[in-house]
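Next come the chains, spelled out residue by residue.
2 protein chains.
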Amino acid sequence: MAKYYIGIDLGGTFIKGGIVNENGEIIVSDKTPTEVEKGDKGVAANIAKLANALLESQGLTTNDVEGLGIGSPGMIDSNEGNVVYANNLGWENFRICDELSRLLGGIKVKIGNDANVAALGEVKFGAARNYNSAVMITLGTGVGGGIVIDGKLVEGNMGAGAELGHIVIVRGGEQCSCGRRGCFEAYSSATALIRETKCAMVAHPDSSMWEIGSLDAVNGKTVFDYAPVDPYAKEVLDSYIEHLACGLVNYANIFRPEVILLGGGVCAQGDNLIVPLQKLVDKEIYAGDKGPRVPILIAELENSAGLLGAAALLM
Amino acid sequence: MAKYYIGIDLGGTFIKGGIVNENGEIIVSDKTPTEVEKGDKGVAANIAKLANALLESQGLTTNDVEGLGIGSPGMIDSNEGNVVYANNLGWENFRICDELSRLLGGIKVKIGNDANVAALGEVKFGAARNYNSAVMITLGTGVGGGIVIDGKLVEGNMGAGAELGHIVIVRGGEQCSCGRRGCFEAYSSATALIRETKCAMVAHPDSSMWEIGSLDAVNGKTVFDYAPVDPYAKEVLDSYIEHLACGLVNYANIFRPEVILLGGGVCAQGDNLIVPLQKLVDKEIYAGDKGPRVPILIAELENSAGLLGAAALLM
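Going down the list, the protein sequences come from chains A and B. End of the first sequence sits at 314 in numbering that gives the first Met the number 0; the numbers just go up one at a time, nothing left out. End of the second sequence sits at 314 in numbering that gives the first Met the number 0; the numbers just go up one at a time, nothing left out.
Just to be clear, a hint being listed does not mean it is correct.
Heads up, the list lumps identical chains together, so a pair's fine if it works in one copy or across two of them.
Restricting the straight-line Cα-Cα distance to at most 25 Å, the calculated cross-link-like pairs of lysine to any residue (SDA-like) are [said to hold, decoys possible]: (1) 282 / 170; (2) 289 / 80; (3) 289 / 58; (4) 40 / 289; (5) 2 / 314; (6) 289 / 178; (7) 40 / 226; (8) 289 / 139; (9) 48 / 206; (10) 109 / 44; (11) 107 / 77; (12) 278 / 45; (13) 37 / 73; (14) 109 / 204.
Calculated directly from the structure, the hints in this document are not laboratory data. Computed from a prediction, not measured in an experiment: that's the story for all the values here.
Just chain A, with the same shape it has in the complex:
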């Protein structure tokens, strides 16, 4: 008989939920407003309501599922089922797993940080499904990530680890949001790429990139579009890829994972990003080709990574 799991992707605006089978197929999914203003227990009640509605839609009850998993923003102590601190939910020390278990007839409930849970989703059912160990790096407004070793998340004490954007790679370099200077995030986020693109345009009024109209039109795609024809764009792109490679080689040397996964909007560039990046990683990794190669893959689950990863917390 098939096994079913409820996956919940908890966000500041919406709660997304789904019923997932052991093969990572989403049988049904739906979403409901989070209603943060109702407080922690109010949001838990909304999660329970969504879970019950999903079950009913399939003629199932809580007895028919293995449990419910949640990916949540914030610092999550997964051992204790506790949201230690979640800024954008306004929560501190909310034992959400106990509360949801109580609301859902004693069902088993597990939780993890959303970035970590998305990495787990990719390892169980996404781009790294043929592997057991992966480091996932998401290049967005910031740089986030998750670490999976032997199919299990490495979350750190009280879930405070895996802050993979916050390793200094350029001591004394660009200011980072975390207070330090020169973090990986300050060079490899989409925000950093856009910052450097704008700087190059300002410094070079003759850059073809000005064809886009104004600095406001710059996005993470701009330098990729213009690198083939504009030396200033190429310079920004080369530097971006070199810094990104620097951080990835650091992670390759620390974890020597079976694969590194990249997520986030910049990955839409596909081979234009991955091919030069892989070349640098292969060249700079510790002990060169004496150790196993670390392939760089693009994450593929996109919006469903959170939901599938949450379900995978119970597998």
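Use these hints to put chain B onto chain A, whose structure you have.
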């Protein structure tokens, strides 16, 4: 009844071995020349001979022990019991566990990289014995380390991970032995500290450090001795501690371990090293005091870490 384990610390010159009980007490220990020139099987025979002698000395046989663990230099695939590559033994792909099990009446044999195994020893029986998760950094000629999560080693694919000295913290900085520039090792090893001390002396003929006589007399203690009276020594020491803190905060943000352990000769400086280091780590760690603190402790097992950690591979 007490449980017994054989621990082996395999080096290029000597094989050290001991019988250890489940409390990490060394019942008996001894050593024998490695005799690398006899080749992989010859060295394995020497290990088996030492193990048998240790057992006999206590009136025990292979039936009385839970197994034998080895800490070995090189890249070790612990899952396969294989020494993938060990430069200073001259070995490639030697399935040492199978060979030793055959020589020792089918006994269970496990192996790990020596730096990793020493970290495991410290977590099971040393400075981190009250913790389950620790990152250990050894400040020697180079910078090595080990990662223990939930009481188990994180070794990476084919044992090629945990190269903790080889993360770039200063892009384009000092040349590292691994080929990259600006690695943690190039700033935090005893070698780096001695290099910077000599540079400061050469740059400042008025430095009190010249009291030691010549550059050849410089060691890892010099700047600690002179920092209270010589501004040049203090500058070198402050910079050393800042770079060391930079790398430790990186590891704190990645793993948020329960503790960070420091090993190596520089640690003999005790509080002169740890107090300013801890202050910087507390200040720079991600999210400040919102997350759990990461105390920095000095490793305490010294030469027996390898032997105890090797035994702990079976616990």
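Each hint tested on the structure:
1. Taking the shortest Cα distances, residue 282 and residue 170 sit within 25 Å of each other both inside one copy (23 Å) and across copies (16 Å).
2. In this assembly of identical chains, the alpha carbons of residue 289 and residue 80 lie at most 25 Å apart only when taken from different copies (18 Å versus 42 Å within one copy).
3. Taking the closest pair of Cα atoms, residue 289 and residue 58 never come within 25 Å of each other, the shortest separation being 55 Å inside a single copy and 43 Å across copies.
4. Taking the shortest Cα distances, residue 40 and residue 289 sit within 25 Å of each other only across copies (22 Å), while inside one copy they are farther apart (54 Å).
5. In the homo-oligomer, the alpha carbons of residue 2 and residue 314 lie at most 25 Å apart inside one protomer (10 Å), although the nearest pairing across protomers, at 34 Å, exceeds that limit.
6. Proximity of residue 289 to residue 178 under the C-alpha cut-off of 25 Å is restricted to the inter-copy arrangement: shortest distance 14 Å between copies versus 38 Å within a copy.
7. In this homomeric assembly, residue 40 and residue 226 never come within 25 Å of each other (Cα to Cα): the closest approach is 51 Å inside a single copy and 56 Å across copies.
8. In this homomeric assembly, residue 289 and residue 139 come within 25 Å of each other (Cα to Cα) only across copies, at 24 Å, whereas the closest approach inside a single copy is 33 Å.
9. When the C-alpha separation of residue 48 and residue 206 is checked against a cutoff of 25 Å, the pair qualifies neither within a copy, at 55 Å, nor between copies, at 73 Å.
10. For a Cα distance limit of 25 Å, the shortest separation of residue 109 from residue 44 inside one copy, 16 Å, qualifies, whereas the shortest one across copies, 50 Å, does not.
11. Taking the closest pair of Cα atoms, residue 107 and residue 77 come within 25 Å of each other only inside a single copy of the chain (13 Å); across copies the shortest separation is 34 Å, beyond that limit.
12. In this assembly of identical chains, residue 278 and residue 45 lie within 25 Å of each other by CA distance neither inside one copy nor across copies; the values are 48 Å within and 43 Å between.
13. Proximity of residue 37 to residue 73 under the C-alpha cut-off of 25 Å is restricted to the intra-copy arrangement: shortest distance 18 Å within a copy versus 57 Å between copies.
14. In the homo-oligomer, the alpha carbons of residue 109 and residue 204 never lie at most 25 Å apart, since the shortest distance is 54 Å inside one protomer and 64 Å across protomers.
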